[in-house]
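Student: Single-letter residue listing:
Number of protein chains: 2
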Amino acid sequence: MCELLAMSANTPTDLCFSFTGLTRRGGDTGPHRDGWGVAFYEGKGVRAFHESGASASSRIAEVVQTHPIKSEVAICHIRQANVGSICLANTHPFIRELWGQYWTFAHNGQLEGFRAEPGFYEPVGDTDSEQVFCDLLNRMRAQGQRSDSLEGLSERLVKLSEGYARRGVFNLLLSNGDWLFTFCTTKMASITRRAPFGPARLKDADVIVDFEAETTANDIVSVIVTEPLTTDERWELYQPGEWRLWRKGEVMASGVVGVPDYPRPPTD
Amino acid sequence: MCELLAMSANTPTDLCFSFTGLTRRGGDTGPHRDGWGVAFYEGKGVRAFHESGASASSRIAEVVQTHPIKSEVAICHIRQANVGSICLANTHPFIRELWGQYWTFAHNGQLEGFRAEPGFYEPVGDTDSEQVFCDLLNRMRAQGQRSDSLEGLSERLVKLSEGYARRGVFNLLLSNGDWLFTFCTTKMASITRRAPFGPARLKDADVIVDFEAETTANDIVSVIVTEPLTTDERWELYQPGEWRLWRKGEVMASGVVGVPDYPRPPTD
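In the order they appear, the protein sequences are chains A and B. Here the UniProt record's numbering is used: the first residue of the first sequence is 1, the next is one more, and so on. Here the UniProt record's numbering is used: the first residue of the second sequence is 1, the next is one more, and so on.
Since the hints were derived computationally from the structure, they do not count as laboratory data. Careful: at least some of the hints might be erroneous.
Each pair may be met inside one copy or between any two copies, as identical chains are not told apart.
[Unchecked claim] Below, in silico cross-link-like pairs of lysine to aspartate or glutamate (EDC-like), each with a Cα-Cα straight-line distance of 16 Å or less:
1) 248 x 178
2) 203 x 28
3) 70 x 214
4) 44 x 126
5) 159 x 242
6) 70 x 51
Bear in mind that the values here come from a model prediction, so they are computed numbers and not experimental data.
Please model the complete structure; the sequences and the hints are all you need to start from.
Tutor: Laid out in structure tokens, this is it:
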């Protein structure tokens with residue numbers, strides 16, 4: 001399996017604190033040592049870092065932990081391979097251009113034997129996740145329009161996600177740099193930090209941050225993960241079948257759809 | 001304008017030496033301070049580093065200079081903006097998926113007012129270069145086939161390049177991770193290093209490498225640039241209109257087509 005992390009903020013914000021916590025789970029406090037990747041949007045552009053090794057011992061991950069890259073949307077993934085070999089081509093997040101925007105996708109779960117309907121987008125690697133991403137993009141392109149409202153768009157994404165979730169565990173992060181769509185079948189949680197800010201302590205590293213000192217009073221920064229990253233904050237758990245569409249740190253729309261009752265992982 | 005660097009090798013090889021020379025020109029020994037990017041293929045996967053600032057003073061560029069990332073094909077670009085604002089979305093190399101392969105593109109020159117024929121691929125940023133890349137991919141998809149031979153493929157790429165070169169200066173690096181296609185209208189040079197290897201000294205930094213100590217007797221590593229990077233080696237200059245298709249460090253095919261007589265930059 002793997003773990004996911006995303007951020008949605010109303011001002012360019014770095015991900016150093018959360019990224020430090022998550023990447024420890026890539027071979028140190030967790031077993032997700034089969035690759036890691038992170039994508040940061042800057043305006044319409046996106047820059048990504050990918051490696052097929054363990055994040056906990058990566059020099060490049062260390063730079064990303066300590067070098068503040070400021071972004072309003074970021075998506076991160078650490079991998080423990082199940083489907084697909086351990087290689088760069090299989091390392092999330094995956095990125096493709098649709099309608100002149102870079103779409104970024106990271107997935108936790110497994111959709112055994114899933115194959116994308118033939119279409120324009122094709123997987124490069126051999127994971128079920130990339131198959132789903134290509135399928136989703138092919139369907140969005142065929143059924144959707146670039147001029148769709150945020151409401152129309154999320155309706156489509158929910159419908160597609162509901163379908164994928166019938167095929168297997170489908171915890172999803174998806175963004176075009178403007179909005180961030182999240183879907184939970186078994187595990188997802190979020191936290192929204194806004195004034196008054198307080199301190200927070202990572203679960204996986206001996207790191208405390210005082211957000212008060214790092215932010216302004218207007219900042220709204222939300223973090224979405226498959227497993228909470230801090231021990232002293234209150235994370236909002238998603239229900240199975242719950243989706244939330246984030247923009248500028250806030251939930252713009254949300255809902256719950258029916259999904260099969262997959263075993264949920266134990267939490268500590 | 002900008003500068004280009006590519007590598008084609010028959011064994012995974014790092015780009016540290018050449019990358020160190022080139023990136024000095026991004027704000028130190030050269031004026032190309034408006035962004036830099038590099039893409040490294042690993043198997044079918046590609047990982048890229050992009051920044052919209054100067055490479056000479058970048059902490060991430062420094063890591064790429066000193067942390068050996070091994071690749072058989074790499075493409076690098078440093079930017080001095082002419083068309084398009086200075087931002088991440090305008091930073092080469094650009095990457096898109098075609099036929100289940102990541103295609104990577106970097107361009108030196110200017111095709112004023114160029115607009116891609118409408119098609120599947122669309123630019124995200126506002127450079128003429130990305131317009132050309134999308135146009136090229138749309139035409140390859142419409143006219144070409146994934147099963148095309150290397151010969152058929154290069155014929156198509158030469159024809160397209162010839163057309164673009166009629167619209168403006170078009171020095172090109174393009175790869176799908178297997179082959180590397182290069183096209184020169186005004187400036188390009190290459191060097192192929194193979195046994196017996198010797199030392200080389202960078203023009204832009206006080207760095208000497210002894211390739212003998214870094215290689216095995218079977219290694220073949222070619223470097224292609226818009227401006228030679230070393231002072232004590234013999235670089236093979238391309239003629240205007242010359243193209244070379246590289247694979248595993250060797251020229252698989254080459255030729256010369258007619259291009260307009262654009263002013264060639266002075267060389268030292």
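Student: Against this structure, judge whether each hint is valid.
Tutor: Quick rundown of the hints versus the structure:
no., hint, verdict
1, 248 x 178, "within (8 Å within a copy, 40 Å between copies)"
2, 203 x 28, "within (12 Å within a copy, 42 Å between copies)"
3, 70 x 214, "within (12 Å within a copy, 37 Å between copies)"
4, 44 x 126, "between (28 Å within a copy, 10 Å between copies)"
5, 159 x 242, "within (12 Å within a copy, 52 Å between copies)"
6, 70 x 51, "between (21 Å within a copy, 12 Å between copies)"
Checked against the numbered hints given earlier, this structure breaks none of them.
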